Every structure is written in structure tokens, then in C-alpha cells.
Amino acid sequence: VRRRFLLLGAVLVAAIAVNAVQFPAVEAAAGHGRDAVAPGETADLAAIAYRECDWCRDRYALHIALAAVAPGSRVIVAPSDPYLLPSPYDRAEDAAEEITVRLLTFGGAREVDWLDGDGWARDPEAPRLVAGVDPVPFITASGPGGQKGAPWAIAVDPDRRVPDLPANPDHFVGHALAHGEHVDSTGQAGEFVLVRWYSPRYGYCYATGFCYSYQDLLLETSLLPAHLRGSL
Amino acid sequence: VIPELLSVVAVLAGGCLAARAAGIRGWVLPALGLVAGVSLQLAVGLLQVVTPLPTSPALTLAVTFAAPAAWWALRWRRGDDVRISVPHAAGLLAVLAVVVAVLRAANLAKWHTDSFMYLMAGELIADGRYASDVSTYLLTARTLGVPLLHAPAHLGGDYFLTSIHALLAAATLAIVIWLLRRGLAYAAAPAALTTFAVLGGVLLLTNNRFVFSAFYLNGHLLVALLLLVIAGNGWLLARGVVPADAPPRALIMLQAVAIPALVISRPEAAMLAVLALLPTWLAGQVRARHRMVTVATLGAANTVWQGFVAWIHLARDAPLPLTTIGSLALGVLLLAAIPLLRRPLRVWLLWAAEGGLWLALLGFVAARGPANLLESAGATAVNVLYAGRWGLSVLILILLVLGVLLLSRVPHLTYLRFPVTTFVPLGFLLAYLRDIPYRIGFGDSLSRMFMHVVPLAVLYVIAAMAAAVAARAPAVPQQRVPPAVEGAAEPARTGSAGVPVT
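Order-wise, the sequence lines are chains A and B. Using our numbering, the first residue of the first sequence is number 1, and each one after it goes up by one. Using our numbering, the first residue of the second sequence is number 1001, and each one after it goes up by one.
Source of the hints: derived by calculation from the structure; they are not laboratory data. Certain hints may be false.
What the hints assert, rightly or not - Anything over 12 Å on all C-beta distances counts as not near chain A; from chain B, calculated:
{"hint": "1", "residue": "Ala1089"}
{"hint": "2", "residue": "Ala1105"}
{"hint": "3", "residue": "Ala1106"}
{"hint": "4", "residue": "Leu1199"}
{"hint": "5", "residue": "Leu1361"}
{"hint": "6", "residue": "Leu1395"}
{"hint": "7", "residue": "Tyr1432"}
{"hint": "8", "residue": "Val1469"}
To be verified - Computed, partial: chain A to chain B, Cβ under 7 Å:
{"hint": "9", "residue": "Phe23"}
{"hint": "10", "residue": "Ala43"}
{"hint": "11", "residue": "Ala49"}
What the hints assert, rightly or not - Restricting the straight-line Cα-Cα distance to at most 25 Å, the calculated cross-link-like pairs of lysine to aspartate or glutamate (DMTMM-like) are:
{"hint": "12", "chain 1": "A", "residue 1": "Lys148", "chain 2": "A", "residue 2": "Glu97"}
{"hint": "13", "chain 1": "A", "residue 1": "Lys148", "chain 2": "B", "residue 2": "Asp1435"}
{"hint": "14", "chain 1": "A", "residue 1": "Lys148", "chain 2": "B", "residue 2": "Asp1114"}
{"hint": "15", "chain 1": "A", "residue 1": "Lys148", "chain 2": "A", "residue 2": "Glu98"}
{"hint": "16", "chain 1": "A", "residue 1": "Lys148", "chain 2": "A", "residue 2": "Asp54"}
{"hint": "17", "chain 1": "A", "residue 1": "Lys148", "chain 2": "A", "residue 2": "Glu52"}
{"hint": "18", "chain 1": "A", "residue 1": "Lys148", "chain 2": "A", "residue 2": "Asp44"}
{"hint": "19", "chain 1": "A", "residue 1": "Lys148", "chain 2": "B", "residue 2": "Asp1133"}
{"hint": "20", "chain 1": "A", "residue 1": "Lys148", "chain 2": "A", "residue 2": "Asp35"}
{"hint": "21", "chain 1": "A", "residue 1": "Lys148", "chain 2": "A", "residue 2": "Asp113"}
{"hint": "22", "chain 1": "A", "residue 1": "Lys148", "chain 2": "B", "residue 2": "Asp1444"}
{"hint": "23", "chain 1": "A", "residue 1": "Lys148", "chain 2": "A", "residue 2": "Asp170"}
Fair warning: this is a prediction, and the values are worked out from it, not measured in the lab. A virtual CB, placed ideally from N, CA and C, is assigned to each residue, including glycine.
Just chain B, same shape as in the assembly (with noise of 0.2 Å):
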């Protein structure tokens, strides 16, 4: 128990100390504090294991937690408003050493075939040896994201971390309750916002993967989680909201350390993590230099995890993956993209990219047939409907997600539902990218996949309904992020230069 709490703790407590550093208070902060410190520890990771420095973990977990204590001291030695109530630190120290010890207890560690996998990298870490020993497939296919996770568990001599699943999936939900609070917090009654809320949480709690994906030793909760809070946080920052709780110098912190962190955690999560960024690369609301940390962030994570991924390819005389030469030039790209984004894209891209996404499809069928997208279509029909273990989870999410697109008239919300309505073309072209069409049963990778957008889509569908109950449009106070935080105030664009912000 005791290394695994000493790991957790180390992670959450940098978090944490990082997201109050930069002005996140309130309830939130434990759940936003484990985005923060996850996503510092994966990318602290992927920087040991991409450079000659040691991968031990117990590196990767002093980091995760110095490098924002540093932070965090240095603010309140300049008088900086960042204290931490000892009490609350207490009682969450406490709750997390009950959960440990209880999950722990339980065995609750639910697995398949490629959990193994995950793990055995994770082992390879922890050992020293991931670049001279890993395999290409568990390069490629794996990736580092969950191995890294888990890597502390070796300093206790165990393969995996009991409760850090369960851990993402708490905040996933506090998350999810929190952002609907504050991107609406302005547009619907309290009472409206607070059942919705309530009822968006109910929701994925009683969905039956959501809660087996607490405890499910694979990276699907962790990309979902990263994906809320990327395009969860554009939302607010292109609203023009500025919580009490979470400033934006904090809301742009998180987005930034979630990016790399969502980069390693799948083969396909840079395309997703450009899909959950474009809305806010469009948005006028958002300053042109939170567009382009963004994007640098993502071209500059991307371009150094895929280089690694062909140099280890070349260095042992291995073909480069299609796969693998698409990421580093998409990386490239957008490496080469970061000065466009002095202006805010237009609108239309995002219509662009949607409808770009459907005909890349349509063109491998009529490139390689339609025999791949049939048989994944079938099979996912079947798995939508018994063979995933979804029940009729995902079908109903689907019907909600489907009603709200043919009755809802909130614009802002474009925010939300861009990544969840293009997951269903990306979803297909991968299909067609990796050669094999998609299967009946539990462990087809589309059926777990679903996973990825099952939270954004909650948070669309209850924001949607919250705003519906308005009594008028939504109207936001357009607050200004404060010049003194994120420099000179760019004019405010609606309309036809960017995604409108109310």
C-alpha cells in the first residue's frame, strides 16, 4: 500500500500544487490537480525516455512533484494569493489512503489482452531499457502513455497502480459537473444547472463501461479525461467566461500539459487532439497566443514522440510505419501552422474539416472498396447494440446526442460537440489506416474506443439541455482576460471571423 500511496500522492499533490499556482481553487482543485499532475508525469516521461536520461520513475515522480512545488513556493514567497487550506490537504490525504487501501484490497483491476502489454512496457520503464528493448508493435501500438502511468507501481515491486484508474474516474466526473457550472454559469438558473449537472453525473455513473473503465488497466479513460479538459477548457476560454476558480492563465496551463500527455496515451491521439483544438483555433475569443502555445505544444509533442518512434525504427533496420510518417509530418505541419494562427481561423474550416473527414473516408472506399467500412459498420452495429458490454448505453447516448444536434440552436457549444460528432468518421478511417475492419466483441478497439468521447458527450448533451431552459439566449458577461495575466487584449470577433461566443 505504502509505495503505491507515496506514488499517487507524489503525483496528485504536484498536480495540485501546480493548478494552485496558477490560481485554481475550490472543490475542483483535487480533480483538475490530477489532470495537471498525470499529464506533468507522462510528459516528464516522455522527456526521460526520448533523451539519454535515467527512466526510473522515482525521477519521473520527484519531478512531477518538485518542479510545481518550486513553482508553487516561488509564488508565495512573492505574497501571491496560492495557500492551501491544511485541513482540506489532510482530509484528501486521508480519502486517498482509504481508496488505495480499499482497492487494493478488492483486487478491482479489470483487464484484456493488451493490458498486458501496456504493463510489460511499463516494466521495460521502470528497468531502464524501454529504448534499447521495446518492441516496434508496443512503440506503435501501445505507445508510452499507460506505461508510464504505471511504471511507479515497479518501485513496489507490482505491475500496475490500483487506484489511479478510479482516481481519473472521479475526476472525470467532477470534471464534467464542473465545466457544465461554469461554461453555463451565466446562461441557465442555478437550479436548472445544478440538476443537470447532477443528472449528467448519475448518468455516466450508472453507465456500466464508465465505472469498468475506472478500474480497466488501458488508456481509454485517460484519453477521455485529456479530451474533456482540452476542448472542455476551450469552451470556457472561448466563451470569454472567466471562473472565479479556475483563471485563464489556468484553464490555458491545463490544456497545454494535457496535450503531450494525450499525444503518447494512443496511436490516433494527435488527430484527436487537433479535433478537440480546432474550435478554439477558429475562436476570435481566444488571444492569438494561447492559439499558438496550443498548437506548438501539440506540433512540438507530436513531432518528438514520432521522431522517436522512426528512430527507433531506423536504428534496427525496421520499415517505418505509414502510420508513423503521417504523425511526424502532421506534427511538421503543425509545427509550420503556428504563425497562422496570429489570426483566428475562419469559421468555415471547421465545417471544412468535418465535412474533409467524411470524404477521406469516402475516398478509401472508393480507393480500396468498401469491403472494410461494411464489415466495421456491421460489427460495430452489434457491438453498439449487445457484444461491447455497453448495454444500451451507447445507443442512448447516441439518440441524446442525436436530439440535441436536431433541436439545440446554442452556437458555443460547437465546442463540445465538434470532437464527439467527427469521432464517427475518424473512427471508420482508421479502420481503413490500419488495414482491418473492426470486429463483434468486448475487445474490438472501436468498441473501447467509444470511451474517448462517452464524457464530452455527456457534458454536450447537459449543456445543451441546461442552456435550452434559459429563459432567453444565453447571454454571457464578456469578461476580459485581465492584460496583466495574458498580455494585450485582442479584439473581440464574432460572426463570420470565429466560432460566435454566446
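Extracted from the complex, chain A is given alone in its bound form (with noise of 0.2 Å):
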């Protein structure tokens, strides 16, 4: 029995040995998110989420701008777009439920509808109208987009006060999430939509290999013309 004892007791010594000597270099592989025991930058999810997760990134940093720049909006997702191309806001579900969800939360809007096919997706002037509205010179918060998501942008009404607005609008959230304005923002809620804006990002296709023929855009509905904010 003793034999027994110290036989069983070694394996099981060996397999912490191996476990121990083995631990750091687990570590190293892991990288930095995935390691064991090191120390992360910050708690904040949405910090995380944008420095650390490119992924996350893609698929949130539009909505933490808005969380920054507008909290507690109404979000007005419009599924038609100009060219009648196949979009995510085109009423299939699955994309339909995500973005919601990416709004209320990360996005802090107070409200997310979508357009059924009645007045703005059925109004002939619609799709000329929005690719009418030139936002660039509105563009408060915008991002490359990658993999998992498009570019993107903000475009707000001139009155709307940004808080410390960056000359770069790519540097937004960056900005924001240093100064934690997207969980105190002193920004105003406001009400914007949500729409496929066909106008690739210059060069973007150069940069990360991922090519995306529009950009999600958030506009500010009182950016829109009176005729197509009142079928909203």
C-alpha cells in the first residue's frame, strides 16, 4: 500500500511538475486577453472592445460613437437603400435583431424602429433624397470597418454640440473612450437614421484587404429634407 502511495503521489507530482514548467510559456503563446494572470489596460468593456478586439472593433465602434455623441437617441433603421442592393437592413432578421441589440446597448439609444414598407421605403423620392444629402461635411465620428463590419460614420445637425470633437472624426472614439464620454456623455439625445450610404471609403481596400462598396451611416434626421423627415 505504501508503494502504491508513493507511485500514484509521484504521477500526480509529475503532472503538477509538467503543469508548472509549462505555465509560463502557455502564457506567452496565449497573448495578451487570453493569458492567465496578466493585468489588463482597463475594466471598461467598451475599452476593451475597441483597443484590444479587432473583431469587436468592427462590430461596435459605431455604436460606442453614438453612445458618445448622442445617448438616449431614437435610431430609425431604414432598409431600403438607393440601389436596392442587398443590405442587413433589409428585414432579415438574424442582422435585423443584432443591430438592434448593438444600439440599445453599446449604443445606449433609447430606442431603436424599423421602417416597414410603408413611407420612406415605398416614397419613389426616397432613395434620391438620401443620396441627395452630401453628410460629409457632418461627419462627427467615423471608422475604417474591417472584417467583420463596414466603415462607418456620424453625421449630426451643425447645432448639435459634440463634446471635445477631434479634428479627425477617425479619432472619435479613441477620444471618447480616453475622456469616458460614452458611459457620462454630455452630448444631447437626438434622433437619427440608420442607412447604407453608397460611397466606399477612399483607399480603405488598400489598407486592411477587406472592400466594402458603402459605409454605415448615422445621420441625424434633421440633416434630411422636411419631405422625408415628415415620412419618417
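Both chains are sitting in their own frames, so use the hints and assemble them into the complex.
Here it is as C-alpha cells:
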């Protein structure tokens, strides 16, 4: 019995020794965020998503930006697009549900409404009018997207007070995260429409290898022509 | 720090009061109390989500603390011995405060892309818009357990509780050691038990992915702990051992509250629960009422949760996933099977169940071709060897389990062995059920799911080793459950009627 005890104990000790010896190597191979014991830089989930996780930045940067620009906003999702091309906004239920969840959580939206086939979508002028609005002068925040999400931008009314606006809209989210604007924003709630904006982001394909012929655009509804605003 | 501390204290204190009122005492009380508290929190949250009740985590925490406190006060007023040491409680609170403060300061949170989805679902719960706005993907793939676990973080403006997984890891370690010491209390020398308990604990603690799980925003460690408690307590009950610090009523209560929590913590968790409970249902030593309580709890919890999932799909005109239909059918079948549990099931059912899983896998291979299995097996082999970030830990554990299977002849260890060995065919079956093979890499589902059975596998190995160094075959004094606690005792049945009890 004693011999068996020593033998089995030695087996376990050997297993423990292997675990212990390989621990640092496993730790080094795992990489940041997937190592076991290295402290992180932040416990802010939005900051982790944006700074440490490429796929998460692709997915959630637009929404984090919205929470900083205009928390508590109403977002209207327009299912049509100017060229009637396949779109995640075309009521593909699973994609629509995910967009809603992201807007309500990371985006801090108060309400998300999906336009049905009436009004906007049937308005023969709607695509032209949306295409006719040039959001570029009003873009406050933007990002390049990537494998898991298209390039994106937020265009706001020039009268809106946007907190600590950096000169380059691509720097907005990083700036907002650094100053906590995504959790405690001084921005006011508003009303936005989420549209697929068929304006490719210049040079994007060359930088990342993922090409999109459009950008996801959150446009403050006050920028729309009155006729179109009325159909929302 | 304060909102997180209050949240964790409410869960731990509620659980400890429930455990104490059920009769648990001694050093294991905080560990089993945490299991009881988290399980209650998840069960209360489940009720809030599937009913028109508000889903505010403040209400969840209030009920999680107040209901056990009322039960404890009732027993205390009746004169029962449910005393709690005030210095120990104060010490525990102080330790908890330090743990929460240190972990928050260190930002010890580990993640991968699924983590964000769990925590978004948690925010929907905290905001009271889960039923109306949750996506069907979050509902079916991410389920409810982890979102409910972290929903109280929103009371403090955070997305997650930094400390809860570390506390679950500490409880897992403590419970592995406690189960070994209690399960083999009469079968091995105290020195051998202590030695193997310590070595088993260190084996877990030196496993890089176990330490990772202590800070990982996901549900794998939670599932592992609940599975450990369900299978481990079944082992103690079936052994007929009555630990001085945990009477049968307490073991049964812990199993019963852990079942709903497990069911809502992973999409495949109901199947895991069946596999963890099946040996208990076969055991003649376990009271009929207890067998029926566990199957009823599992059937009801699964039916309620899957019924809610189905209702959301139907309300949105979304097609019902086959997995939801299957899970719902499983829940109804379990409820229908309650009367069958009046008598212990035949022991051959255990072998039939394990063989049936392998046959089902072969059936899928025959029907859909071997590509899924081959790709999954290849990726899993690579993940076990290096890509899963396990180092050699899983490989070593597999070898230890195989060694015990080949060399150990201790029948009662079936209670611990069965959920571990059936995990293999179940894992590959799941790849067919979801129609996507496993892949190489840290983020692969099966590679992460290994954690579900790692603590139980370690317990199985060290229990077999401790039993092997007993001078003779284990001789357990058959202590009967006091009738005052459990009702009239059934005649003990061994051999062909059930899993042998010694």
C-alpha cells in the first residue's frame, strides 16, 4: 500500500510539475487578453472592445460612438437603399436583431424603430433624397471597419454640441473612450436614421484587404429634407 | 467597488444562509454557499425573465438574499442549530472586500468575442428589455446564465462583475477537496486523503486554463462547478455517506438549485445535467423522492426555459431551431418520466446511455458522412496538443483518466466517471447537431468546453488514487438518512438493482 501511495503520489506530482513548468510558455503563447494572469489596462468593456479586439472594433465602434455623441437617442433603421442592393437592413431578421441589440446596449439608444414597407421605403423620392444629402461636412465620428463590419460614420446637425470633438473624426472613439464620454456623455439625445451609404471609403481596400462599396451611416434626421423627415 | 461588493455579498450571504439553514457548516460553507447563492440568483432571474416580472437585478439580488434569510430566521426561531459565527462572517466579508478591490484594481478580466455578447444580453436584462429586444441568436446560442450572473454589474454602471468568476474558481477548488474528503472518509487513510486532496487542488491550480477561467467572462467555469456539485453530491448520496458538515437534505437542496442554473448556462447543458444525474437515478441507495425531485426539477427548468425560447421565436415569426424543439421534447420527456423514478432504474441503462451516445454519433456519421467528425477530431487533437492554449494539461488529464479507467476497480466511482467519459461522444455529437465541425484555435467551442469536465475529472482521478491506497476494499459504514429528514427509508439495493454503493 505504501509503495502504491508513493507511486500514485509521484504520478500526480509529475503532472503538476509539467503544468507548472509549461505555465509561462502557455501564458506567452496565449497573447494579451487570453493569458491567465496578466492584468489588463482597463475594465471598461467598450474600451476593451475598441482597443484590444479587432472583430469587436469592427462590430461595435459605430455604436460606441453613438453613445458618446448622443446617448439616449431614437434610431430609425431604413431598410431600403438607393440602389436596391442586398443590405443587412432589408429585414433579414437575424441581422436586424443584432443591429437592434448593439444600438440599445453599446449605442445607448433609447429606442430602435425599423421602418416597414410604408412611407420611406415606398417613397419614390426617398433613395434619391438620401443619396442627395452629402453627409461629409457633418461627419463627427468615423471608422474604417474591417473583417466583421463595414466602414462607418456619424453625421450630426451642425447645431449639435459634440463633446471634445477631435479634428480627425477617425479619432473620435479613441478620444471619447479616453475621456469617458461613452459612459457619461455631455451630448444630448437626438434622432438618427441608419442607412447604407453607397460611398466607398477611399483607400480602404488597400489598407486592410476587406472592401466595402458602402459605409454604415448614422445621419441625424434634421439633416434630411423636410419631405423625407416627415415620412419617418 | 461598493456596488460590486454589495452584489457579491447579497449572492454569497443569501447562499450561505440557505446552505446553513439546510444544515451545512464548517469550512466548506462559503464555497457551497456561493454555489447555492449563484444558483438561486440564476433561478430567480429565470423566473423574472419568463414572467411579466421586472428583470431588474436589484430585485434578483433582493430575493436571492431575502428568501434564504427568511428560511434561516424561521429555523433559528424554531430553535434549530443554524448558528453562524459572527467573527467568521466578518472575516469572510473582509476577505471578500479585499478580493473585489484587488481584482477591480488589477483589471483582471479575460475575454473573447462571445464575452461581449453575453454582457450585451446582461445589459438588456438590467434594462428590462430582454424579452422584447434580445436577438434569437443571443437567446439560443448564449442563453441566460452568464448574462444573469453579470446583470447586477449594471447597478454600478459596469458591464461585468470582476470578481465573480474568481470566487467561482475558489469554490471549485474547495469543493473538489471537500468532496474527496467526504466521499472517501471511510475508505482511505486520512493522511492519504489529505495528500491526494492537496495534490488534486494543486493540479487544478497549476492548469493555465483553469486560472484563466477564474477571470474569463464566459460560462465554462460556472458549468463546471454546477456539474461538479450535481455529480459529486449524487456520489455522496449514493455512497450512503452522511458527512457531519452536510446532511442529505443539504446535498439534495444543492443539487436541486444547481440544476436550473446549469440548464440555462449553456445550450447543451440539459444533456450535461442528464448525464450527471443518470447514475443517481440508477442508484438504489438514493431515495425515490430525491430521484423524482431531481428529474422533476430538470424537466421543469428545461421546459420553462426552452418554452420561453420557443415563444420568442413564434412571436417573431422566426423558424424554431431543431435544437430548441429537441430540448423542449427532452424537458417534456423528463417530466413524463417522473413516475418511473419511483424505483431505481436498471444499471444496464447506464451502459446503454453511454453506448447510445456512441451509436448516435455513428448514426450521424452514416447519415451525414464522416467529414464533420474527421475535421472535428483533427482540430480537437491539434487543440489538445497546443492550439487550445491548454499546454499539455488536457493531454495529461486524459492519460490519468485512461489510467484510472484501466487500472481502477472501484464501482462507486461510476458517479464521477460517467459525466467525464460521456463528454467525448457528446462533444462530437454536438458538432453534428450544430452542423459545423470544430476548428483549430483557442476560440473553438469544444476546446473551451473541456473546462466543463476538468474539475470533475480531477476529482475522479484523485478519488480513484485515494481509494487505491486503502488497505482493503473500501468499507463504508452504511449510515441511513434519518427518517425525520427524508421520510421513510427505502430498502438498500445493490448489485443488479443499481450502481453498487461501495
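query: So which of the earlier hints does this model not fit?
result: Violated hints: 2, 3, 4, 6, 8; rest satisfied.
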